[in-house]
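Listed below are the residues making up each chain.
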Amino acid sequence: MNGKLAIVGDGDSIMVFKAAGVATFPAENEVKAREVLRRIAKDYAVIFLTEELARPLTDFLKRFDEQPYPVVLSIPSKNGSTGYGTELLKSAMERALGVDILFNN
Amino acid sequence: MARLNVNPTRMELKKLKARLNTAVRGHKLLKDKSDEMVRRFSSVIKENNRLRGEVERELSETLRQFSVARSVTPAYRAETAFSMPSVAVSAQCGVASVMGVEVPDIALVNEKRSDGLPYAYSEITSEADYSVAKASSLLPKMIELAQTEKTVRLLAAEIERNKRRVNALEYVMIPQLEETIKYIKSKLDENERAAVIRLMKVKNK
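Residue numbers (the numbering used here), protein chains in the order written: chain A, 1 to 105; chain B, 1 to 205.
With the rest of the complex left out, here is chain A:
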């Protein structure tokens, strides 16, 4: 299967990926991002989403956790990382193992 890549985020953060050949979908707030995601989830295999938009949509993004595709990955935007990715990692780890084996705190 051939899948396409997409990136959803605010205009500045995603423009550089447009030049790199990734389909870009500007979304300035989480309401818009939710709409965009719903629209493109079937057509794209990998969707990058900036952390600012991913954080308020955590519950919405859970629905993608059940099947292999689409893969939604949160990435830092131009304002730098907010630690959201690490939080997700931590919650998955606690869910599966019940203990923290990476960060030890």
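You may find that some hints are simply not true.
[Claimed, not checked] 27 Å max Cα-Cα, derived DSSO-like pairs, lysine-lysine: (1) B:Lys134 <-> A:Lys18; (2) B:Lys46 <-> B:Lys134; (3) B:Lys185 <-> A:Lys62; (4) A:Lys90 <-> B:Lys46; (5) B:Lys185 <-> A:Lys18; (6) A:Lys42 <-> B:Lys141; (7) A:Lys90 <-> B:Lys33; (8) B:Lys134 <-> A:Lys62; (9) A:Lys18 <-> A:Lys32; (10) A:Lys4 <-> B:Lys163; (11) B:Lys185 <-> B:Lys14; (12) A:Lys90 <-> B:Lys141.
[Claimed, not checked] Pulled a few chain A residues facing chain B out of the computed Cβ check, cut under 10 Å: (13) Asp12; (14) Pro56; (15) Leu73; (16) Ser74; (17) Leu88.
Please keep in mind that the hints were generated in silico from the structure rather than gathered at the bench. C-beta atoms are modelled at their ideal positions from N, C-alpha and C, and glycine is treated no differently.
Starting from the known structure of chain A, fit chain B onto it as the hints suggest.
The following block gives chain B in isolation, referenced to the frame of chain A:
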């Protein structure tokens, strides 16, 4: 532990024994599966952590560099320069199986490009060129991160489900069956003793 509601007969006893056997075997298998999944999970999550650190660092840097490049160019010119991408990347998507869990298996294809920039050099500053080049070189890593992160989540969900099954077998199903088997055995023994005594009484008359 509550016992099952069955008639204390030999038939039922036989059936229950078979069920108990299956339950014990299933419990052992599931427990082994759980152990192996946890082992894989911990290696995947370490990999994920490492990749995420790298991607986040490099990506933030690239984006910062790019916003600097953008800020020295008028917005409309940057818009036009980037509005028509000259390359399109896509990914080969497969499904791999980790302990029976379907996880994505993605590889980037047709990364080859002539010059890779959608604009003329004169249109925009050279910092933009660097950040575009860097962004495209980051893509394989980002895809890899996407894949491992999804694997982590799918595995976590499966481990949780599997744990529930193991616990249900260990703490509900198996004790229940054992209790019921014990009950039926004692009932049958009781009946047998009653029959013997009855015979003895009849004979004595």
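Violations among the numbered hints, reported as their numbers in ascending order: 3, 5, 8, 10 and 14
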